[in-house]
Amino acid sequence: MTTKARVELDRVTIRFAGDSGDGMQLTGTQFTNTSAVVGNDLATFPDFPAEIRAPAGTIPGVSSFQVQIGEIDIHTPGDEPDVLVVMNPAALKANLHTLPKGGTIVADISSFTKNNLKKAGYDSNPLEDESLAGFHVIEVDITKLTLNALEELDLDNKSKTRCKNFCALGMMYWMYNRPVEPSNEWIERKFARKPILVEANKLAMMAGYNYANTTDLIPRSFEIKPAEIAPGTYRSIAGNQALAYGLIAGSKMAGLPLFLGTYPITPASDILHELSKYKEFGVITFQAEDEIAAVCAAIGSSYGGGLAVTSTSGPGMALKAEAIGLAVKTELPLVIVNVQRAGPSTGMPTKTEQSDLLQSMYGRNGESPLCILACSRPTDCFDTAMEAVRIALTFMTPVILLSDGYIANGSGPWQLPDPESFAPIQIQRPTDPSEFKPYQRNEDTLARPWAIPGMPGFEHRIGGLEGQQGTGNVSYDPLNHEKMSHTREAKIQGIANFIPEQEVFGPESGDVLVLSWGGTYGSVFSAVNKAQKEGKSVAHAHVRYINPLPRNLESILKNYKRILVPELNMGQLSRIIQSTYGIEVEPFNKIQGQPFKIRELTDAIDALLA
Amino acid sequence: MTTKARVELDRVTIRFAGDSGDGMQLTGTQFTNTSAVVGNDLATFPDFPAEIRAPAGTIPGVSSFQVQIGEIDIHTPGDEPDVLVVMNPAALKANLHTLPKGGTIVADISSFTKNNLKKAGYDSNPLEDESLAGFHVIEVDITKLTLNALEELDLDNKSKTRCKNFCALGMMYWMYNRPVEPSNEWIERKFARKPILVEANKLAMMAGYNYANTTDLIPRSFEIKPAEIAPGTYRSIAGNQALAYGLIAGSKMAGLPLFLGTYPITPASDILHELSKYKEFGVITFQAEDEIAAVCAAIGSSYGGGLAVTSTSGPGMALKAEAIGLAVKTELPLVIVNVQRAGPSTGMPTKTEQSDLLQSMYGRNGESPLCILACSRPTDCFDTAMEAVRIALTFMTPVILLSDGYIANGSGPWQLPDPESFAPIQIQRPTDPSEFKPYQRNEDTLARPWAIPGMPGFEHRIGGLEGQQGTGNVSYDPLNHEKMSHTREAKIQGIANFIPEQEVFGPESGDVLVLSWGGTYGSVFSAVNKAQKEGKSVAHAHVRYINPLPRNLESILKNYKRILVPELNMGQLSRIIQSTYGIEVEPFNKIQGQPFKIRELTDAIDALLA
Amino acid sequence: MSETTTLTKKDFKSDQDVRWCPGCGDYAILNAVQATLPELGIPKEKFAIISGIGCSSRFPYYMDTYGFHTIHGRAAAFATGLKLTNPGLSVWMISGDGDSLSIGGNHFIHLIRRNVDLNLLLFNNEIYGLTKGQYSPTSQEGIITKSTPYGSVDRNFSASSLAMGAESSFFARAIDTDPKYLQEVLVRAAAHKGTSVVEILQNCVIFNDKAHGWTTERSTQDDHQLRLEHGKPMIFGADKNKGIRLNGLKLEVVTLGEDGITEADLLVHDETDENIAYFLTKMQAPEFPTPLGVFRAVEAPVYNEQVHAQIEAIREKKGEGSLQKLLFSGDTWEVKGESNA
Amino acid sequence: MSETTTLTKKDFKSDQDVRWCPGCGDYAILNAVQATLPELGIPKEKFAIISGIGCSSRFPYYMDTYGFHTIHGRAAAFATGLKLTNPGLSVWMISGDGDSLSIGGNHFIHLIRRNVDLNLLLFNNEIYGLTKGQYSPTSQEGIITKSTPYGSVDRNFSASSLAMGAESSFFARAIDTDPKYLQEVLVRAAAHKGTSVVEILQNCVIFNDKAHGWTTERSTQDDHQLRLEHGKPMIFGADKNKGIRLNGLKLEVVTLGEDGITEADLLVHDETDENIAYFLTKMQAPEFPTPLGVFRAVEAPVYNEQVHAQIEAIREKKGEGSLQKLLFSGDTWEVKGESNA
Ligand SMILES: Cc1ncc(C[n+]2csc(CCOP(=O)(O)OP(=O)(O)O)c2C)c(N)n1
Ligand SMILES: Cc1ncc(C[n+]2csc(CCOP(=O)(O)OP(=O)(O)O)c2C)c(N)n1
Ligand code: SF4
Ligand code: SF4
Ligand SMILES: [Mg+2]
Ligand SMILES: [Mg+2]
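Line by line, the protein sequences are chains A, B, C and D.
Mapping the first sequence onto our numbering, position 592 (from 1) lands on 819, and the numbers just tick up by one.
Mapping the second sequence onto our numbering, position 15 (from 1) lands on 242, and the numbers just tick up by one.
Mapping the third sequence onto our numbering, position 108 (from 1) lands on 127, and the numbers just tick up by one.
Mapping the fourth sequence onto our numbering, position 282 (from 1) lands on 301, and the numbers just tick up by one.
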């Protein structure tokens, strides 16, 4: 169809930026899904403004969506975009610094009005002055294009203008040689009830597509071949959604009804939104009056025999601390999801961080050990959530499942597992009332039996006061307290015997081991990968299990000259490693509410090697 | 007056034990105060049953009070009693294990009835079977003695019997050659309104005194000479009371009204009870609806210019975490008192522990640094509380002040300081509205200025969202967040430049340094003292400042072959030291809800030296 | 269920010795509950007793049923989660005035708002007992306690008024000194669908002795108590000659016989009239007798039933959820085997 | 205070640009407050605005006064501590229906119980705005929100009823669509000594648009709003011909003129009658119009005044506290200089 040159690329990063009202998240998602359908590997990074919708046209109102697609393995949304699509001056101002010189800017000139320039804080029009020198600027009157295309339609101008994001999408589809069909189908589903909008958005998209094809402003298009991806069925999924699915899968495998006790909070709320959709699974979502009621209701559910979960973010986590301590003492299964955000206090709710790790370890009164797991990627949220359920039920313990705003909102292609392949999760139900003691432990797991109200003959009492070994009766006996304290700790540390050994990507010994956890996986993996390709002696260990740590981790750490621990905090895993193994590590910390760039990590690795 | 032999001792430990209703705490306190008046050094350990008064005569109902008095320096209530006074069988059963063979038992035989023996779980009467072989048992019918002495009085038997604790006290007074006058005076003050009770209790006391003097059961009395104590005016004071006084002194020195926002909880409630007595100091005690409201009201008071304090114990501390994070972010002065008790969860509320240290360090979401101090002795609670106030106001920061149930309820002789000698505490008030910025920091302390509502021209807004350097305006700028995070940390660590260097008791270098903190001071000091007397190369460093640690601590630690860190937890300071300095230490942990015995520490030291 | 009909009081006594101060009102309440439960025809294993923290909250340890002694103030939330997950249970929540009206106030009003089907026994001794005697939100103003040596200046509020504010579907009041009457009230509470709040005026002999003395004092109790009976005029007094009359929007105490006042003039109690219940909450001693019995018992949607009804309705429509369907929903795409070189 | 009389609306605008969604009801409320404060004759530095978390709670940033944007649900506690320590301030608390009635419910009722002298502006949009649209305790049952895709089964309650349950001394209601009237109410709130609760029906255009449409819709508002006036009969309607009548213990809407009903038959509003306020809280659309204005304004002990009065009384008696006296109180003893060898 096109007569223009087509250039092959192995990867490209595009950032869509506009006003919160411009639908950039949607545009980015469409581009992402279509690219997935054509077989590219990819990763995305939606970047929201602060919660409240700021006045249109202002910097705080800018919302952006970055996606990297490739023929090669893609593990991050890309350090910096190759193409920046901006729907207004504020979007340009807020995002220009992310674009390297030589990068391409696609700008909707119709929005570069005096008024909008002023709102964005521009004294003069950057499209006219020299400030964009060194960039390749493609000026398009996207609004006009759209309005013209929709001229015939009997629709008010406002609604017409709203279609301009699809016009922009159409242009990108042509530039990167993507089919329009997937989006067409989506539009048809989405606006099934409003045929006029189906037509409008399709027309707008084609207008952009054709304009890109014909105009000289865009000299060539690009081709990104499908990536070498394991065959199978795929879908793209965001971290919070995957996490919710993992919990549902866990409840199915355990044969227990899922109970979510929660209170909305950014960036964890989507887990509530998602789970509230699946009542056919018997999922109960309890939106409590606050986080304390949320976790207490969950513990009540657990006491009653449910698969109990509570989800929150940092400040809510703080509020749950006392109740979590009760779950530790009463040894009830509970999954506590903390989708971390930038702190301290309210901090920057829409920005990502890894600074609740030590709170998870120590944020309770008394010696109060529990299990801690961390998700590494949007799709990994599914597996790790299921693992959290398994551990909670197998060991009768609360499990803190750490995610973060970056992977919670980010998404990636997910090779769908076969549910038949999931292992069932066993519950420890006591069988003989005459033998039953609430704290009589399983020798291997040290888990106590789980008798729930309604089981005849197993009536018993539990509570937050220290309890006697075996019976659990209230006891102030000094030696019993010491014994119980050590047993609680031993039970958690003993989990290490049941979890997989830590895997290392790269040489078994060498100059540098990069030790990471949580949402930084993609960037760290990519940086290490790059270093290895450059022949450097660098390995990568990414821990999913933080308490207990994998049983072989200590010996792994001893196989490298230096241990680099990159974290989006001020060195929390570093502290744990040092105090646990007495091994010195090199913390590499970033605390900006933003994920690591691969380059930042590459530099850190090189600095250590130097 | 007495014709019997008198033996000189340099120290003796007596434990009074009886039913909660028998007034053993009072008896012990009387013996303590009188011993103080005659110039002995001393230390006490009241040991309460669980909160609720258990049925009379049962083991859980037993309450005891141990006091060690001496001519020599006394730093602990003594590992084990020399004399055990028991008012009933349950008291004997509950305390016999604390008495070493050869020890003396004074028992009120009238209470050794079938019924009471059964309640205590004795099948046969220990006074009659062989079970007390190896002890020196003095059987006295204290009840009868008392009733006879009060025969004349027109008082019901129940009230008469209640005087038997003074009868027992009288016996001890004679045995240890103490004057009865101080208690007589106390009785007169106490019962001023009920002359009959004045007479009754005095008579009972004299009856015991004379009985001891005349009966052959007690062959000799003992003399403990006054200790070499610095001259001055003394009083005996419990930790919680001293802490309350320290806060009042701090408010006086700062010239700010004291505001306590709190919610009752064992063992911290006495701070509320104490402070609510001193309205003439303008102290406001706000008993809030819960711990969250308590700390928030305190922060509100601080925002309004008050000297704000909140007091609690472990579970309440957990509830305050979120709000404390706000105080960290808004950099408002606040003293948070945590009188630690045995955890996790509700744990053993009346028992002591040091297990909230890591919660204090890390128990908040995000990177949320603050200052942490710990009290070492009942009287030290006064000084450390004043120091907490000084730091909070000088550095505009929350300060966590750690105490524990052991020193909170324990008491010791306090050499009263001269209030004239207290240094005034300076407040940072901005003076020039045109120059004012809420986060414009003092170069030395990094503290922000403290402008309070009511000051014309300084109107400004603060909150929990990340704020811009200087202005404090809400900012999501990545680099600003990083800068502010580091500044908050730097401010706290910078306090190390303003606090005294760590002192060491003993050789400047050597085989073992015992590093301790908090309420274990007395036992650790005594154990180290003993080791030194035995010529062992052992030193003692007891830290009051835990965050930041003293600037010279690292170099001190490097001067010893081994570092022993004894704690009443599972190794929390040990973890901090290892993760901060990468220096390996030897944790020595006890988690029984009970203080260290000197012997336990001595053994631990010797084990390291071996 | 044959095994349940044979249950006796003894079956509900646990092996733990009861530990309250001698003379504490809690003993009588424990007895009343142990006497009531066997009468309900519910199998023993279906009872769950959930408490917070306080002297009263030690209650579950003394009952040989399933029991959970949780944390301070949060029992309502635990009980809600329990009932939602295990709806077949008969859930009894035990709490004190501090536990439910101070730290637990929020959960108290939201429990009542949602109308979760359980029974809340509120032991109101107008003091914090377990922590050895600080005033509570129900303590009389001016009260001298450990934390108010000069007298409290805190305005108090009442459980009944607060419960009505949260639109309680069942509220009743009883006293520890009349266990028989308490048992009757407990039976009513158990029968009600929704959150049944039973305020029990309980005496703390150690830290707030006789706080309810005006109401419970034997010699004057008939004149100081109004025993509510549905459909009956509000009459009280040793001589059954005093009554409550509505005068415009105000209640007043009148004497039958005096200036022609007859029973016909008296307010007739109607548990189903939410407004009458409101007025009962305003009756304060010494002007008015203390109302005892069921203030209000009205039908209202029951949260746990609604939750399960919604789930069932959706299961009806969609059938039991399938993981396969769930995972493979949304936009999926196939990646074929052969490489794309 | 001359400098204050010259204050204007502009003096209360901060330099931060206001960030709410275009069309949000919060703008009108901000305007009304900025227009009201200068009228109160209080120096600017004496205003302190304390908020929790929520869209509404961003309010302090836009006021050029002292302001504290605290944490979710706890503003009442911060404000209480502030007022106790700094009683000369005019404290305004800003909060949302989630902030004050969900997570902050306990502090809400205890603030009202204590009757701390401050003004609480409750922005009730019946939704969690800031977190992008989950239902709140005031949301209509059945509402479809992000967290209730199949409709909410949570019973809701009302701020007014809850406030009455906690024995509120001042409660008023206003709407964002009538700023003038809102200003009148704000002036009344400011004048009241004690906790003045002003519920403002506010529209969240994005997540719960027109939640109050029935009340605020221009074309029908006269028939759907009852503007309360102290001492005046309760009349409403476009033709001023509808009224509220008390029938036994029930309210009913009547039409003047019809079957001989005159103004004399109508209920006369009395702010000082706590019972009338109660009935107003029970008036639900569509049966009844929405009452607006001051429900209740009664005298009650003010906590912060009582606290300071007690302190002053004791200072009177004992004089200002002396450290010397304090430390040296109790049993002291002297240790003499010479050793005891
Ligand atoms: C989080 C927390 N805060 C405070 C306490 C201390 N505490 C235990 S019970 C109680 C109040 C008891 O009063 P109430 O609820 O009336 O029960 P009662 O003892 O009078 O039966 C308090 C303050 C606690 N255990 N946990
Ligand atoms: C401890 C805590 N929990 C949850 C949140 C998330 N959160 C912020 S505001 C809010 C509710 C907002 O609703 P509302 O109070 O009605 O205010 P509105 O935004 O509607 O004005 C929630 C759940 C938080 N910031 N902190
Ligand atoms: S303190 Fe009071 S409430 Fe508690 S057990 Fe004793 S008497 Fe009962
Ligand atoms: S979300 Fe709703 S309440 Fe919040 S600013 Fe937008 S319109 Fe206003
Ligand atoms: Mg109570
Ligand atoms: Mg709202």
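No wet-lab data here; the hints were simulated from the structure.
Remember, it's a predicted structure, so these values are computed and weren't measured experimentally.
Ideal placement from N, C-alpha and C gives every residue a C-beta, glycine not left out.
Honestly, I wouldn't trust all of these hints.
To be verified - Per the computed footprint, the stretches of chain C lying under chain D, defined by three or more beta-carbons under 8 Å from a beta-carbon of chain D, are:
id	region
1	53-64
2	141-155
3	208-217
4	278-285
What the hints assert, rightly or not - So these bits of chain A aren't anywhere near chain B, every CB distance computed over 12 Å:
id	residue
5	L359
6	I456
7	G543
8	R568
9	G570
10	N707
11	E716
12	S806
Going down the list of hints, with the structure as the test:
Check result for the region 53-64 of chain C against chain D: violated, 0 residues qualifying (beta carbon to beta carbon below 8 Å, three or more required). Closer than 8 Å: that is the beta-carbon criterion, and the region 141-155 of chain C has 0 residues meeting it against chain D, so the requirement of 3 is violated. As drawn, the region 208-217 of chain C meets chain D at 0 residues by the rule of a beta-carbon pair under 8 Å; below three, the given contact is violated. Residues of the region 278-285 of chain C lying with their CB closer than 8 Å to a CB of chain D number 0, which falls below the three-residue condition for coverage.
The beta carbon of L359 (chain A) sits about 23 Å from the closest Cβ of chain B, which is more than 12 Å, so the claim that it is off the interface holds. Interface exclusion of I456 (chain A) from chain B stands, the closest Cβ pair being 33 Å apart, more than 12 Å. Not every CB of chain B is more than 12 Å from the CB of G543 (chain A) (nearest about 8 Å), against its label as outside the interface. Once the 12 Å rule is applied to beta carbons, R568 (chain A) is inconsistent with being away from chain B; the minimum gap is 8 Å.
Not every CB of chain B is more than 12 Å from the CB of G570 (chain A) (nearest about 2 Å), against its label as outside the interface. Consistency note on N707 (chain A): stated as away from chain B, yet its beta-carbon is not over 12 Å from all of that chain's, at 9 Å minimum. At roughly 7 Å from the closest C-beta of chain B, the C-beta of E716 (chain A) falls inside 12 Å, breaking its exclusion from the interface. Residue placement check: S806 (chain A) does not keep its beta carbon more than 12 Å from all beta carbons of chain B (closest about 4 Å).
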